[in-house]
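Protein sequences appear in the order of chains A and B. So that you can map any letter, position 274 of the first sequence is 295 in the working numbering, and since no number is skipped, the others follow by simple counting. So that you can map any letter, position 59 of the second sequence is 126 in the working numbering, and since no number is skipped, the others follow by simple counting.
Each hint should be verified, as a subset may be incorrect.
The list that follows gives simulated cross-link-like pairs (lysine to any residue, SDA-like), each with its CA atoms no further than 25 Å apart [as the list claims (entries may be wrong)]:
id, chain 1, residue 1, chain 2, residue 2
1, B, Lys95, A, Asp422
2, A, Lys351, B, Ala147
3, B, Lys152, A, Gly342
4, B, Lys149, A, Asp347
5, B, Lys156, A, Val334
6, A, Lys340, B, Pro148
7, A, Lys340, B, Lys90
8, A, Lys335, B, Leu80
9, A, Lys34, A, Asp46
10, B, Lys90, A, Leu338
11, B, Lys76, A, Leu372
12, A, Lys99, B, Phe154
13, B, Lys145, B, Lys159
14, A, Lys335, B, Ser136
15, A, Lys335, B, Lys156
16, B, Lys149, A, Gly342
Residues from chain B shown here face chain A by an in silico Cβ test under 10 Å; the list is partial [to be verified]:
id, residue
17, Leu77
18, Asn79
19, Asp84
20, Tyr103
21, Leu110
22, Leu143
Keep in mind the hints are simulated off the structure, nothing from the lab. Glycine included, every Cβ here is placed at the ideal spot set by N, Cα and C.
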Amino acid sequence: MIDLNNLSIKKAKKAFSDKEYTARDLVSEYLDVIKKQNPTINAYLEVFSNEALLEADKNVSGKLAGIPIAIKDNILIKGKIASAGSKILSVFTAPYSATVIEKLKKEGAIILGRTNMDEFAMGSSTENSAFGPTKNPIDETRVPGGSSGGSAASVAMNGALAALGTDTGGSVRQPASFCGKVGFKPTYGAVSRYGLIAMGSSLDQAGTITNTVEDAKVLFDVMKGTDPMDSTSYYPDMPVKVKGRLVIGVPRKLFEGIEKDVLENVELAISKFRDLGYEVLDIELPNAKHALAVYYILMPAEVSSNLARFDGVKYGLHKGGKDLLDEYIKTRGEGFGKETRRRIMLGTYVLSAGYSEAFYRKALLAQRLIRRDYDEAFKKIDIVLTPTTPTPAFSLGEKTDDPLQMYLADIFTVPANISGNPAISLPSGFVMVKGKELPLGIQLVSTHYAEDTLFKAGGDFLGE
Amino acid sequence: MITPEDIQKLANLSRIDISEEEKISFSKEIDSILLYVSQISDLAVQTEIDNNIFQVRNVFRADGEPHESGLYTADLIKGAPKNEKGFVKVRKIISHD
Numbered sequence: 022m023i024d025l026n027n028l029s030i031k032k033a034k035k036a037f038s039d040k041e042y043t044a045r046d047l048v049s050e051y052l053d054v055i056k057k058q059n060p061t062i063n064a065y066l067e068v069f070s071n072e073a074l075l076e077a078d079k080n081v082s083g084k085l086a087g088i089p090i091a092i093k094d095n096i097l098i099k100g101k102i103a104s105a106g107s108k109i110l111s112v113f114t115a116p117y118s119a120t121v122i123e124k125l126k127k128e129g130a131i132i133l134g135r136t137n138m139d140e141f142a143m144g145s146s147t148e149n150s151a152f153g154p155t156k157n158p159i160d161e162t163r164v165p166g167g168s169s170g171g172s173a174a175s176v177a178m179n180g181a182l183a184a185l186g187t188d189t190g191g192s193v194r195q196p197a198s199f200c201g202k203v204g205f206k207p208t209y210g211a212v213s214r215y216g217l218i219a220m221g222s223s224l225d226q227a228g229t230i231t232n233t234v235e236d237a238k239v240l241f242d243v244m245k246g247t248d249p250m251d252s253t254s255y256y257p258d259m260p261v262k263v264k265g266r267l268v269i270g271v272p273r274k275l276f277e278g279i280e281k282d283v284l285e286n287v288e289l290a291i292s293k294f295r296d297l298g299y300e301v302l303d304i305e306l307p308n309a310k311h312a313l314a315v316y317y318i319l320m321p322a323e324v325s326s327n328l329a330r331f332d333g334v335k336y337g338l339h340k341g342g343k344d345l346l347d348e349y350i351k352t353r354g355e356g357f358g359k360e361t362r363r364r365i366m367l368g369t370y371v372l373s374a375g376y377s378e379a380f381y382r383k384a385l386l387a388q389r390l391i392r393r394d395y396d397e398a399f400k401k402i403d404i405v406l407t408p409t410t411p412t413p414a415f416s417l418g419e420k421t422d423d424p425l426q427m428y429l430a431d432i433f434t435v436p437a438n439i440s441g442n443p444a445i446s447l448p449s450g451f452v453m454v455k456g457k458e459l460p461l462g463i464q465l466v467s468t469h470y471a472e473d474t475l476f477k478a479g480g481d482f483l484g485e
Numbered sequence: 068m069i070t071p072e073d074i075q076k077l078a079n080l081s082r083i084d085i086s087e088e089e090k091i092s093f094s095k096e097i098d099s100i101l102l103y104v105s106q107i108s109d110l111a112v113q114t115e116i117d118n119n120i121f122q123v124r125n126v127f128r129a130d131g132e133p134h135e136s137g138l139y140t141a142d143l144i145k146g147a148p149k150n151e152k153g154f155v156k157v158r159k160i161i162s163h164d
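Generate coordinates for the entire structure from the input sequences, incorporating the hints supplied.
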């Protein structure tokens with residue numbers, strides 16, 4: 022038996038080189054867990070059992086040699102279905118691999134399978150998947166968060182050593198927090214989006230869900246970099262260096278109205294950082310409270326444009342009709358779920374003549390104000406600390422009838438997507454809810470390309 | 068106020084089929100979302116920002132060094148629900164009446 026609970030990439034690699042166990046042993050162990058757990062949890066949509074074992078036998082070298090990783094289903098793997106959790110792409114086979122997949126494979130990573138997600142990454146609970154919800158392995162009556170809920174659950178149920186997700190408004194950090202894992206979103210553009218199924222292109226970013234902060238760093242170092250296939254990607258040769266003594270800023274005004282347990286947990290985390298020698302200051306981000314409103318204008322606008330390509334002609338689902346227009350309407354009506362159609366229509370509205378000035382243009386302006394708030398704050402501090410989510414994992418079905426309530430689950434994570442800053446969610450303890458211990462998370466945000474600052478502070482916090 | 072008729076109009080614009088019941092539920096939900104996002108209309112926005120909101124610019128790939136013609140055609144055509152002889156097949160769009 023391998024102790025999967027406390028495993029990290031470094032430990033697994035050491036065990037391989039010490040001949041304690043082989044990559045095949047490790048892959049088999051994860052496949053066994055998946056076989057037992059997945060029928061209930063529904064973290065994976067497809068498991069590549071045979072290929073994973075074959076890959077494990079190859080004995081390759083590399084930074085991730087033999088490391089089993091789960092992949093969110095909106096990241097293309099050549100020859101595999103990439104459904105993005107949608108009926109409209111349920112039959113779509115990827116004709117090429119995403120840059121991140123190529124990079125992971127080049128370093129010897131083993132892809133275990135495709136993980137469940139909210140349709141086109143739209144949601145905060147994985148309940149918007151066309152293939153049924155994923156359950157939280159810690160409490161199966163609760164959601165794992167979303168949209169990368171399958172990826173978070175795969176790691177939390179010991180069904181993968183690490184997982185890739187995508188984060189447009191918190192879709193990596195929020196599920197990581199709900200499942201008690203480390204969730205990391207790099208600076209916008211630091212990791213190539215080539216081969217990621219687009220949702221809000223100016224906000225989308227690939228990220229990781231891992232057991233440790235160090236694993237997040239290992240994966241990030243493999244995945245980062247400017248990619249000629251993604252003109253929005255950029256990573257500097259000299260990223261921001263970690264300072265000797267780091268200063269944390271806490272925007273307490275943003276915490277108004279959140280649960281007492283969550284607040285207490287954040288205060289505990291703050292004292293822990295003080296004990297570790299960090300300086301902690303109160304800061305204000307005057308416009309950050311508007312980030313969620315800005316997000317629900319910019320993102321649907323981009324969604325309505327990005328999802329126009331799904332028409333039943335070029336790829337994916339096709340529904341017959343009386344003429345071409347009728348076929349478009351039927352294919353999109355049947356192929357897209359409720360939340361996807363809601364956001365496409367919302368985006369169409371905020372971009373339409375007469376409204377685009379009041380909504381879309383105003384949101385772009387507000388985005389500038391929010392970015393400026395962060396830029397100003399980072400002149401005095403190195404890290405912004407907040408809770409990752411306003412509550413622990415909520416119950417399945419609790420928010421499905423009220424989209425706005427669901428959106429509010431991302432209130433603390435969205436600002437980093439609006440400003441493009443890197444952010445990490447760290448497990449910060451538990452809260453007792455109805456006799457179950459549910460994990461909570463804190464979020465650290467740093468200035469652009471200061472990922473190493475987050476890894477340093479995150480590692481210190483978790484005692485790595 | 069977003070009415071069920073507005074929703075039908077948006078559905079037509081975005082080429083999405085919706086049911087009669089959904090027209091009503093979507094109108095209520097989208098209305099409450101729009102009410103929430105309208106908070107940004109109160110933001111005082113300074114003109115210095117106003118004049119220069121589009122910070123992003125397009126990056127274009129230089130022309131030249133194209134890949135061999137047809138290299139990916141078969142793979143891509145295979146994905147089209149209806150295809151024939153290396154072409155994507157669509158319904159006739161010109162009518163005779």
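Legend entry - Closest C-beta approach of B/Leu143 to chain A relative to 10 Å, hint status: holds, 6 Å
Inset, instruction - Have a go at the B/Leu77 hint: is there a Cβ in chain A nearer than 10 Å to its own Cβ? - result: Holds, because the Cβ-Cβ distance from B/Leu77 to chain A comes to roughly 4 Å (cut-off 10 Å).
Inset, instruction - Hold the hint about B/Asp84 up to the distance rule: shortest CB distance to chain A must be less than 10 Å. - result: Holds, about 2 Å.
Inset, instruction - Take the C-alpha atoms of B/Lys145 and B/Lys159, compute the straight-line distance between them, and say whether it is at most 25 Å. - result: Holds - the C-alpha atoms of B/Lys159 and B/Lys145 are around 21 Å apart, at most 25 Å.
Legend entry - Pair hint outcome, B/Lys156 versus A/Val334 [Cα-Cα no greater than 25 Å]: holds, 8 Å
Legend entry - B/Tyr103 as chain A interface residue, shortest Cβ-Cβ below 10 Å: Holds - the Cβ of B/Tyr103 comes within 10 Å of chain A, reaching about 6 Å at its closest.
Inset, instruction - May I ask you to test the interface hint for B/Asn79 with respect to chain A, counting a Cβ-Cβ separation under 10 Å as satisfied? - result: At about 8 Å, which falls below the 10 Å cut-off, the nearest Cβ of chain A leaves the hint on B/Asn79 intact, so it holds.
Inset, instruction - Please work out if A/Lys351 and B/Ala147 have their alpha carbons no farther apart than 25 Å. - result: holds, 17 Å
Legend entry - Hint consistency between B/Lys149 and A/Gly342 [alpha-carbon to alpha-carbon, up to 25 Å]: holds, 14 Å
Inset, instruction - Please verify that hint: B/Leu110, Cβ, nearest Cβ of chain A, below 10 Å or not. - result: holds, 5 Å
Inset, instruction - Take a quick look at whether B/Lys95 and A/Asp422 sit within 25 Å of each other, Cα to Cα. - result: holds, 12 Å
Legend entry - Distance restraint between A/Lys34 and A/Asp46, which requires alpha-carbon spacing of 25 Å or less: holds, 13 Å
Every hint, counting from the list given before, is met by this structure.
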